[in-house]
Every structure is written in structure tokens, then in C-alpha cells.
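Guided by the hints, dock chain B onto chain A, whose structure is given.
As given, the protein sequences belong to chains A and B, one line each in that order.
Counting the first sequence from 1 gives a position; my numbering is that position plus 3.
Counting the second sequence from 1 gives a position; my numbering is that position plus 3.
Mixed in with the good hints, there may be bad ones.
One copy or two, either will do: identical chains are not told apart, so a pair holds if it fits within one copy or between any two.
[To be verified] Derived DSS-like pairs (lysine-lysine); straight-line CA-CA distance at most 30 Å:
| id | residue 1 | residue 2 |
| --- | --- | --- |
| 1 | Lys224 | Lys193 |
| 2 | Lys220 | Lys275 |
| 3 | Lys275 | Lys66 |
| 4 | Lys31 | Lys244 |
In case anyone wonders, no lab produced these hints; they're calculated from the structure.
Note that the structure is a prediction, hence the values are computed from the model and not measured.
Protein chains: 2
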Amino acid sequence: MTRTAFFVSDGTGITSETLGHSILTQFKGVSFRQITLPFVVSNETTLETVSQINQAAIADGEKPIVFSTLVQEEHRDMLAGCNGLVMDLFSAFVAPLEEELGVRSNHNVNQSHSIQDQNAYRIRMNAVHFALDNDDGARTRAYEEADIILIGVSRSGKTPTCVYMAMQFGLYAANYPLTEDDFDDLTLPKCLIPHKDKLFGLTINPDRLSAIREERKAGSKYASPRQCDMEVRGIEAIFAKQSIPFIDATELSIEEISTRIVAQTGLTRRLK
Amino acid sequence: MTRTAFFVSDGTGITSETLGHSILTQFKGVSFRQITLPFVVSNETTLETVSQINQAAIADGEKPIVFSTLVQEEHRDMLAGCNGLVMDLFSAFVAPLEEELGVRSNHNVNQSHSIQDQNAYRIRMNAVHFALDNDDGARTRAYEEADIILIGVSRSGKTPTCVYMAMQFGLYAANYPLTEDDFDDLTLPKCLIPHKDKLFGLTINPDRLSAIREERKAGSKYASPRQCDMEVRGIEAIFAKQSIPFIDATELSIEEISTRIVAQTGLTRRLK
Numbered sequence: 004m005t006r007t008a009f010f011v012s013d014g015t016g017i018t019s020e021t022l023g024h025s026i027l028t029q030f031k032g033v034s035f036r037q038i039t040l041p042f043v044v045s046n047e048t049t050l051e052t053v054s055q056i057n058q059a060a061i062a063d064g065e066k067p068i069v070f071s072t073l074v075q076e077e078h079r080d081m082l083a084g085c086n087g088l089v090m091d092l093f094s095a096f097v098a099p100l101e102e103e104l105g106v107r108s109n110h111n112v113n114q115s116h117s118i119q120d121q122n123a124y125r126i127r128m129n130a131v132h133f134a135l136d137n138d139d140g141a142r143t144r145a146y147e148e149a150d151i152i153l154i155g156v157s158r159s160g161k162t163p164t165c166v167y168m169a170m171q172f173g174l175y176a177a178n179y180p181l182t183e184d185d186f187d188d189l190t191l192p193k194c195l196i197p198h199k200d201k202l203f204g205l206t207i208n209p210d211r212l213s214a215i216r217e218e219r220k221a222g223s224k225y226a227s228p229r230q231c232d233m234e235v236r237g238i239e240a241i242f243a244k245q246s247i248p249f250i251d252a253t254e255l256s257i258e259e260i261s262t263r264i265v266a267q268t269g270l271t272r273r274l275k
Numbered sequence: 004m005t006r007t008a009f010f011v012s013d014g015t016g017i018t019s020e021t022l023g024h025s026i027l028t029q030f031k032g033v034s035f036r037q038i039t040l041p042f043v044v045s046n047e048t049t050l051e052t053v054s055q056i057n058q059a060a061i062a063d064g065e066k067p068i069v070f071s072t073l074v075q076e077e078h079r080d081m082l083a084g085c086n087g088l089v090m091d092l093f094s095a096f097v098a099p100l101e102e103e104l105g106v107r108s109n110h111n112v113n114q115s116h117s118i119q120d121q122n123a124y125r126i127r128m129n130a131v132h133f134a135l136d137n138d139d140g141a142r143t144r145a146y147e148e149a150d151i152i153l154i155g156v157s158r159s160g161k162t163p164t165c166v167y168m169a170m171q172f173g174l175y176a177a178n179y180p181l182t183e184d185d186f187d188d189l190t191l192p193k194c195l196i197p198h199k200d201k202l203f204g205l206t207i208n209p210d211r212l213s214a215i216r217e218e219r220k221a222g223s224k225y226a227s228p229r230q231c232d233m234e235v236r237g238i239e240a241i242f243a244k245q246s247i248p249f250i251d252a253t254e255l256s257i258e259e260i261s262t263r264i265v266a267q268t269g270l271t272r273r274l275k
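Extracted from the complex, chain A is given alone in its bound form (with noise of 0.2 Å):
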């Protein structure tokens, strides 16, 4: 069976969506097409949206999931007549948050951007540029400046985790890749020894490694079996021998990744 879940937003849609996809997982047998409206923010997209939810409960045969973060009161109105079950973030909570509060909230769209919002695009615009510039090891010199420094084989994650971390939290996260060569002697590279205290580990199991470097270069001996299996024993006794602490990646999104990370380390994040 399939239904279809709107996400509505009178901005991006990324808090709708975000909120949406989290509970639409708790429903496995339930198979969604997920539509996001973002910018719906006049009286006439607000028409538009009501009428798109109407024509998907008649195409389905049954309600479509309706997410919306809509502030505005006339809009949340007409938004609640649509034949859809509507699931209203604001009127869900807002109004007991005024209370608590003793404050009306702003009722506002699109939230003008403050000057603390434009030290957030910057934080995290000089994060974003750091992680870019200190990857794959790419520059060792500013590794002074980092937060952390992920090591790892290649394509264990290390990567998108340090993007994630950037983006989202303004870290400083440079990365490392450690090789064949590393694996003789059980060593640090000599560019690492000095920030050691930075290092955190990612590993993965080696058949999943394989998976992932299989279709970036399928049948190659870097994406083979048994070339994976060598790394992934090799980092994990480098960990093992100069106590780095570490995750194991295979099972868990970037976000867990990223998240974990900075629980386990207790680092301070640059953005709230």
C-alpha cells in the first residue's frame, strides 16, 4: 500500500521534512510518496497546495499525510479544509510554548536574518571551507586549527563525515587517509604524531568497503575482497596499537556518525 505524504513549509521544508521523514519511519509496512512544498507563503500557494493534497486523495483512494510548519493563521486555516490528515507543527506546539512563555510568538515567515544568523553563515561557510581544503589529507599545516582529525581507509566515510560536521555543527574537521603502507610497522604518519590528541578512528566492514569502492572502480584490486579486509585489519590494529578511539561506520547514517563522534569526544560545537 502506498500514500502519499506532503511536506509543507512556508520556508525550505527542511524542518517539515526533516520532522516527517522521522515519524514516516515509524510506519515500515507503509510504503510513502513524499512530496515537498516549500515556499508556500501567499494565499494563492496555499490554494495550490489544498488542491494538489485533494487530487493525490483522489488518485490514492485514501488520505495523503499532510506535515506542515505553516505559521501564518489564515493560511493554517485554509491548509486544515484539504482532504488530507494534517499534522500542524505550530498549532502543536506554539501555542503551549506562548503560554509557558508569557510571549506571543512572532507569527512570522521567513524570519528576517539576524546578525547572529549571518556569524552562523560564516562559522559555518569557514568550517565548510576548512573541511574542503583539509581533505584526503590533502594539507597538513593547518591541522593546528582543527577540531579533529578523522583517519580511516579510503572511502570509509571520512569524508562526509567531516562535510557533516562542518555543516552542521562548525566544526573544524580535516581527514587523513591512512594506507598499505602505514599497516607495516602499526605507526602514525609523522604529520599526525603531533596532534594525536585530534585523532578519531572510522572503520567498516570489509565486504560493505568493498560494496562502496566496487562502484567507484569495479574490479579493481582496490574494491577487491580480499584488499579490503587487509585494510580494514590494518587500521583497526593501528587503532588497537596507538589507542585511537574509534567507530565502527558500517551500520549508521552520517548524521550518527557525526553525532557519536562529537558525544565521544565531548567536543564544543561552533553552532548550536
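This is chain B only, laid out in the frame that chain A set:
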């Protein structure tokens, strides 16, 4: 007045944070001390969470605001007994959904990763690597594979936007910096001409650009208002002359820039 806000989750806390931030944004007058408590998965960690909330209640002399995405009933009940105002995402939304769908939700913590999730992980990883490999005009021969190529002056937001589109939407986003030399005759660099239909421009207020560049290279010609003004005029002239769609990134967050580009170009996400 400052309140403590907690984001409580049995997972990474990302949903709880995103939801909570979005709601707290509606209360501009109130300042919130924000604390994320991820991986609350046992009776013990739930009790610790309750105790931390209660301590904040005493310290603040006011109820903390608690956003929770806890799924397990036992833990939700324990949390409900704390001295904070608990916003319980699951009881607000999961129960009505169960009724509408006619199925019980899983009520599972830490959803195991399905094949679909593994595919999503690979799409995301490949897209992030594509963004990095094709950042800042580093490589132009992969433009055939690109979904979109952002152009703009240095530090107008191209890199974080590409990375975000890769991470969030799985899109293959490259970027190419235009410089002074390109502004003379308002033509496009040769490597971009065959891919003109993939080009999308970013522009930015010159004062803002100058402030951002100043942070990178203080006192440089590169960061000077005069240079920034000239470059922004130049790039906007190219966008006009070459009929390239563009947006002004000055007042937008990375999320907003990315979402608007996807909406404007009609690109289909590879990740839902």
C-alpha cells in the same frame, strides 16, 4: 530572560533539534540556552536526562522547555514526570497516524538500516565526493555528469551550497569561480560553454562579500570594498548578458539557497 531548552532523543538528536530550533525561532524576545541530549536509550540515561532537566529548572527558577523525540513509551512516561514543559513529538503525531493508517507503528529505537538506507548512504557519499572533486573549477571534465554547475565570485557561497545539495539532495553539484579576467568581454570561460544549460549563478551584496573576505584575508585588495563591488557588478553583467538564472544569496541561509535553486531549476533530487 534566559530559558534552558533541551533536545532529547534516542537517536542523534537531529530531528529534535531541527524541530525545536524552528519553533524557538518564533520567540525572538526570549534567549535560550540550548542543550542536546542524544542517545537516550535506557532507563538509566532517561533518569539522568530527567535529573539534568530538574537541575536546570532549579538553577533557572523557571521551567525548561523540552523537545523530545523519544519513542519508547516507558521512557516517554519517565520524561513526562520532569519539571519541564515537555513537547512530545511522538505522542502528538504518531498516535493519530496509527489510527489513520490502521497499523501500529514500530515503536522501535534505533531503526536498523535497511537496503534503502544503504543506497541512500552511497548516493550521498558519491555526491559529496563529486562536490569536493569538482569544487572551485578544480576539474572540468566531469561536468558531463553534473546536475548543476554553480558560478559566482570567490566566497559568494558556491562551495557550501554545492556540499549542502550533495548531502541533502544527493545532487551532483560542481562549482566554478569567475574572476576579473572573465568580466572584460562578458563571455563565459570555454569549459563552461558546452554546459550552459546547467549553469546557475550566485550573487551577493558587495559589502557582505567584503566582510566575508576580510575574515579570510584581512586588509587585502581581495577583500577591499572596491574590488568586491567591481566583481559583483561584473558577475551580474555576465548573468544578464548570458541569460543565466541566478539568486542573491545575501540574506539567505545555505538551506534556503539550495532549496530555492532546486525549486527554480526543477532539478529532481536523488535523495528524498
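How the hints compare with the structure:
{"no.": "1", "hint": "Lys224 - Lys193", "in the structure": "within (27 Å within a copy, 37 Å between copies)"}
{"no.": "2", "hint": "Lys220 - Lys275", "in the structure": "between (39 Å within a copy, 26 Å between copies)"}
{"no.": "3", "hint": "Lys275 - Lys66", "in the structure": "between (37 Å within a copy, 21 Å between copies)"}
{"no.": "4", "hint": "Lys31 - Lys244", "in the structure": "neither (42 Å within a copy, 51 Å between copies)"}
Going through the hint list in order, the structure does not satisfy hint 4, though it satisfies all others.
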